[in-house]
Amino acid sequence: MGAVSSRLVSRPRCSRCNLSLHLCLCDEIPQIHTRTRILFLQHVMEIAKKSNTGGVAVLALVNSKRIIHGAPTGNSELELLSEPGTWLLYPDGPAAPPGAPPPRQLVVLDASWSQARRMTQRLPLLRTLPRLALPPPEPGLLRLREPSHPSGMSTLDAVARAVAALEGPEVALPLARLAALRVQRIAECGTLY
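Note that numbering that gives the first Met the number 0 has the sequence shown beginning at 0, numbered continuously upward.
Hints should not be assumed to be uniformly reliable.
Claimed, not checked - Heads up, simulated SDA-like pairs for lysine to any residue below, C-alpha to C-alpha not over 20 angstroms straight-line:
| id | residue 1 | residue 2 |
| --- | --- | --- |
| 1 | K49 | N74 |
| 2 | K49 | C13 |
| 3 | K64 | M44 |
| 4 | K49 | Q183 |
| 5 | K49 | D26 |
| 6 | K64 | R130 |
| 7 | K48 | G189 |
Unchecked claim - Ranges of calculated distance between the beta carbons of each label pair, as one might list FRET restraints:
| id | residue 1 | residue 2 | range |
| --- | --- | --- | --- |
| 8 | P97 | R10 | 45 to 53 angstroms |
| 9 | L20 | E78 | 35 to 43 angstroms |
| 10 | R116 | I67 | 14 to 22 angstroms |
| 11 | W112 | H21 | 28 to 36 angstroms |
| 12 | P11 | G84 | 36 to 44 angstroms |
| 13 | E187 | P71 | 37 to 45 angstroms |
| 14 | Q120 | A47 | 22 to 30 angstroms |
These are calculated hints, taken from the structure and not from any lab test.
Where is the CB? At the ideal position from N, CA and C, for every residue including glycine.
Using the sequences and the accompanying hints, generate a full structural model.
As structure tokens, then:
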């Protein structure tokens with residue numbers, strides 16, 4: 000029997016940041032306080048993905064919560080989407096009215112583009128929320144993979160940009176640094192595994 004490819008051998012992963020232990024970011028995750036509550040609606044298929052960045056964002060944001068969407072048992076916490084002052088971070092849909100107060104809660108879809116699109120179709124309440132749309136990322140943004148959508152970026156990058164827009168760049172800077180550090184470590188190693 001030939002040698003087993005190192006890419007096929009799964010290394011132990013950190014139970015918090017979900018990266019291989021040699022890439023673990025836990026000591027680098029800041030604790031960021033925001034006025035806006037960030038509610039992550041994570042697609043069930045994202046939970047175990049090594050490429051998922053939403054889980055790291057949840058760990059960094061003190062005023063955040065994660066709800067899993069798509070589990071066979073459903074989720075009673077979806078009622079949180081109807082709280083007053085809730086907006087959705089998404090590139091299209093109903094914009095917030097001019098002069099509207101900033102959101103008290105921002106829903107972030109932690110999913111692939113196709114999963115996020117289906118989530119907005121299947122959860123009627125998401126379709127009614129005012130949107131916070133971010134401009135496309137600037138050239139030179141460190142990425143692990145090319146996005147399938149022109150406005151595409153990792154969940155961690157998107158949340159950092161949303162926090163910068165809502166609460167100021169100084170609040171978001173630790174998130175942006177964390178996103179860059181994550182990409183740098185993985186790129187230096189050459190793999191998520």
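Each hint tested on the structure:
no.	hint	result
1	K49 with N74	violated, 24 angstroms
2	K49 with C13	holds, 10 angstroms
3	K64 with M44	holds, 18 angstroms
4	K49 with Q183	holds, 15 angstroms
5	K49 with D26	holds, 18 angstroms
6	K64 with R130	holds, 19 angstroms
7	K48 with G189	holds, 17 angstroms
8	P97 with R10: 45 to 53 angstroms	holds, 51 angstroms
9	L20 with E78: 35 to 43 angstroms	holds, 37 angstroms
10	R116 with I67: 14 to 22 angstroms	holds, 18 angstroms
11	W112 with H21: 28 to 36 angstroms	holds, 30 angstroms
12	P11 with G84: 36 to 44 angstroms	holds, 42 angstroms
13	E187 with P71: 37 to 45 angstroms	holds, 39 angstroms
14	Q120 with A47: 22 to 30 angstroms	holds, 24 angstroms
In summary, the one numbered hint that this structure violates is 1.
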